[in-house]
Amino acid sequence: MSMQALNQLVARSIVDPSVVQSFSAGRMEEVISDLDFSNDMQKRLARLEAKSWAEYAVIAYRYVKAAEEITVRIQLPSPLEGLLPGQDRTKDEQAA
Amino acid sequence: MIPITREERQWFLRNLAQGLVDFMGVVEPPVPVEDLLRNPPPLYDSDFGVVDMYSNLWDATFARPPSQRGSIFVRIDLEPEERRFVLARETLSALITSKHGRAMGLFDLLLPNLRESAEYFASCLLAPTSLVGAYHEQGGRGRGVARTFRIPQSIALRRWEDFATINNK
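For the record, the sequence lines run as chains A and B. As numbered in numbering that gives the first Met the number 0, the first sequence has no gaps in its residue numbers, which increase by one up to the final residue, 95. As numbered in numbering that gives the first Met the number 0, the second sequence has no gaps in its residue numbers, which increase by one up to the final residue, 168.
Be careful, since some hints might not be right.
Using 20 angstroms as the maximum straight-line C-alpha spacing, the simulated EDC-like pairs for lysine to aspartate or glutamate come out as follows [unchecked claim]:
#, chain 1, residue 1, chain 2, residue 2
1, A, Lys64, B, Asp161
2, A, Lys64, B, Asp51
3, A, Lys50, B, Asp107
4, B, Lys98, A, Asp15
5, A, Lys50, B, Glu7
For the record, the hints were derived by calculation from the structure and aren't laboratory data.
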């Protein structure tokens, strides 16, 4: 959900000046706390420093993308899955 | 400005386009880009406008005469799909040179690759991720994108491939 939240924030920023105003005033924590980021990501994004809102968004994208890639990697099945004796997939393949 | 990759730039542009589509409340294609330019979000009252021109030199260009409203000057004799695309393309120039766009830092981020960014932005404004996703879920195919979203065929093919690439990541 983090990337979706960031996407929505960037989308909002093009028509809602309050996002850029919060960034310029160093108050991104207030904006981010309303969005669907993990506590850890909220802290990282609140501390993030950038020269402009656009730069902030790109760096935030890097953080969120990296965090989501780690999560996906953890969720990947073992390469051995389906190859071990007694597993359904093996039986299906043999039957085929 | 920090160096950014094409992927990062395109992600950013997709979301800017989606923000405008969300603002318009568009729920099905085609996206009414000319309506957006004629009735812009309040932030862009002095930046969006359309002026029809007779010209053989260019299809469309954004200009901001001193102390006047910025406008897209567009050739009057373009095909409707082409007209929609060039208006959407030049909208990015209106955005990045606007007061709000400058406050966002769009100028520094997007100016070095303006033409490429503007064409990508236009394809996303006219075929936004949300609507292309819905089209895909309803069984839409690549060959129907141009007709459904009322965009030039070459742009439709590129956008469809782009959508598939992002979806498969």
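Hints, verified against the model:
| no. | hint | in the structure |
| --- | --- | --- |
| 1 | A:Lys64 x B:Asp161 | holds, 18 angstroms |
| 2 | A:Lys64 x B:Asp51 | violated, 43 angstroms |
| 3 | A:Lys50 x B:Asp107 | holds, 10 angstroms |
| 4 | B:Lys98 x A:Asp15 | holds, 13 angstroms |
| 5 | A:Lys50 x B:Glu7 | holds, 17 angstroms |
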